[in-house]
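Peer 1: If you read the protein sequences in the order shown, they are chains A and B. Letter 97 of the first sequence, counting from 1, is numbered 97 in the working numbering, and no numbers are missing. Here the working numbering = 1-based position in the second sequence + 1000.
Certain hints may be false.
Claimed, not checked - Quick list of the computed label-pair ranges, beta carbon to beta carbon:
#1 51/A with 1105/B: 17 to 23 angstroms
#2 1134/B with 23/A: 40 to 46 angstroms
#3 1061/B with 52/A: 16 to 22 angstroms
#4 1064/B with 78/A: 46 to 52 angstroms
#5 1115/B with 33/A: 24 to 30 angstroms
#6 1125/B with 79/A: 47 to 53 angstroms
#7 1103/B with 30/A: 22 to 28 angstroms
#8 1114/B with 33/A: 27 to 33 angstroms
#9 1027/B with 50/A: 47 to 53 angstroms
What the hints assert, rightly or not - Derived coverage of chain A by chain B (criterion: at least 3 residues anywhere in the stretch with Cβ under 8 angstroms from a Cβ of chain B; other residues may be distant):
#10 17 to 28
#11 34 to 43
#12 85 to 91
FYI, nobody ran anything at the bench for these hints, they're computed from the structure. All residues carry an ideal CB built from backbone N, CA and C; glycine is no exception.
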Amino acid sequence: MTAGRRPVETDRDPGLQPERTRLAWRRTTLSCAVTAVLAGRQVLNGGGASATLAVSLAALVFLAFLWLAHHRMLQLGRPRPALLPASSALGVAACMVALAVFGAAVVW
Amino acid sequence: MSVFDQLGAGRDAVRLWFAPDRVQEEGETPDYRFSLANERTFLAWIRTALALIGGGFAVDQFLTDHLTHWARVALSLALLAGGVACTLRAVNHWVRCERAMRRGANLPVSRFPAVLAALVAVIAVAMVALVLFGWAG
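All chains, please: the whole structure from these sequences, using the hints.
Peer 2: Next up, the structure:
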């Protein structure tokens, strides 16, 4: 009777799952960097104080994302990684929304 | 399902975003590999959102020769709005999948991918038409 059996960790590649998740965080961070650079470029031509402020905001969003990703990657290094904290998920979502609102404000 | 049931379910889902500990109250903890797979799916949706947001920036910066100001603004805002929708949906879907796994229920199905695909297709066709015929140039 194996139908109700809970999967045991020797079934498949237990070691690679955290690794793959860590890599997923890395490439998401990379995508975020590209988007943040585009966001910074958006206002760079204008110059002046508002451009400085906007570039700082984009950099801040990227740093926040980097911090979240780094934090999570440290968690994934442990033997039995815990569930992604919802605060991290919401933080990531907040970064995305911030970038989009920033973009909408500049485009408008 | 009535409209009120749907509203209630939506309110419940949003409450769950901000009180994630409630997810862990019910059911039993799934094998952590499934949770990690769910997390990677969440991140893949976040990258999709980033691509849409980046596309919004790119339209505004690189199509200045092809599109008038208002066409660019409309396209950019559509892409940025798509990015935000993708993000919110990513969080929502992640929470719902996690809860379904704990309860041993079926994973939630969604028509969001189809809607997103339709939106991207419409934007692509609009871009082709605008660039090809130079309507807005």
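Peer 1: Evaluate each hint against the coordinates.
Peer 2: These are the hints, each one checked on the structure:
1. The given range of 17 to 23 angstroms is broken by residue 51/A and residue 1105/B, whose C-beta atoms sit roughly 51 angstroms from each other.
2. Checked against the hint of 40 to 46 angstroms, the C-beta distance between residue 1134/B and residue 23/A comes to roughly 43 angstroms, which is consistent with it.
3. Range check, residue 1061/B to residue 52/A: Cβ separation about 19 angstroms, and the 16 to 22 angstroms hint holds.
4. At roughly 49 angstroms, the beta-carbon separation of residue 1064/B and residue 78/A lies within the given 46 to 52 angstroms, and the hint holds.
5. In this structure the hint that residue 1115/B and residue 33/A lie 24 to 30 angstroms apart at CB holds, the actual value being about 28 angstroms.
6. Between residue 1125/B and residue 79/A the beta carbons are some 50 angstroms apart, a value that agrees with the proposed interval 47 to 53 angstroms.
7. Checked against the hint of 22 to 28 angstroms, the C-beta distance between residue 1103/B and residue 30/A comes to roughly 35 angstroms, which is inconsistent with it.
8. The hinted window of 27 to 33 angstroms between residue 1114/B and residue 33/A holds, with their beta carbons roughly 30 angstroms apart.
9. Taking 47 to 53 angstroms as the suggested C-beta distance range, the pair residue 1027/B and residue 50/A conforms, at roughly 50 angstroms.
10. Beta-carbon proximity to chain B at under 8 angstroms applies to 8 residues in the stretch 17 to 28 of chain A; the threshold of 3 is reached and the given coverage holds.
11. As drawn, the stretch 34 to 43 of chain A meets chain B at 6 residues by the rule of a beta-carbon pair under 8 angstroms; at three or more, the given contact holds.
12. Figure legend: the stretch 85 to 91 of chain A, annotated as covered by chain B; annotation consistent (5 residues with Cβ-Cβ distances under 8 angstroms, at least 3 required).
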